[in-house]
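The opening residue of the sequence shown carries number 6 in the numbering used here; numbering runs sequentially from there.
Keep in mind the hints are simulated off the structure, nothing from the lab. It cannot be assumed that every hint is accurate.
[Claimed, not checked] In silico BS3-like cross-links for lysine-lysine, where the CA-CA straight-line distance does not exceed 30 Å:
#	residue 1	residue 2
1	K63	K45
2	K45	K58
3	K83	K67
4	K63	K75
Since this is a predicted model, take the numbers as computed values, not measurements.
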Amino acid sequence: MPKGPRGEKRPADVIGNAVKVMWIATGDLQEEVDHGNPPKDEAAAALGRRGGKARAQKLSKKRRTEIAIKAARARWRKTDSD
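Could you build the full structure based on these sequences and the hints that come with them?
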């Protein structure tokens, strides 16, 4: 199979893809959209919400302050590109 200028593989069926795009654009074919988000397990999500609250209650005021300061420093840290 021919490769592109940067070595990437070209689509397997260029003509077929072009025809499919045309059908979608004209409304002859319904576009298939896959958002890639798997369904969430509601029980696991509920446990996660409980865990965050339990951790917050368990931490002392001093420890919460340390975590907040560390997070603020990470947010405002200079990067190599700056």
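Against the structure, the hints come out as follows:
A hinted pair counts as satisfied when its Cα atoms are at most 30 Å apart, and K63 with K45 qualifies at roughly 27 Å. Straight-line distance between C-alpha atoms of K45 and K58 comes to about 20 Å, which keeps the hinted pair within the 30 Å bound. Between K83 and K67 the alpha-carbon distance is near 26 Å, which keeps this suggested pair within the 30 Å criterion. For the given pair, K63 sits about 19 Å from K75 by alpha-carbon distance, which is consistent with the 30 Å threshold.
The structure meets every hint from the earlier list without exception.
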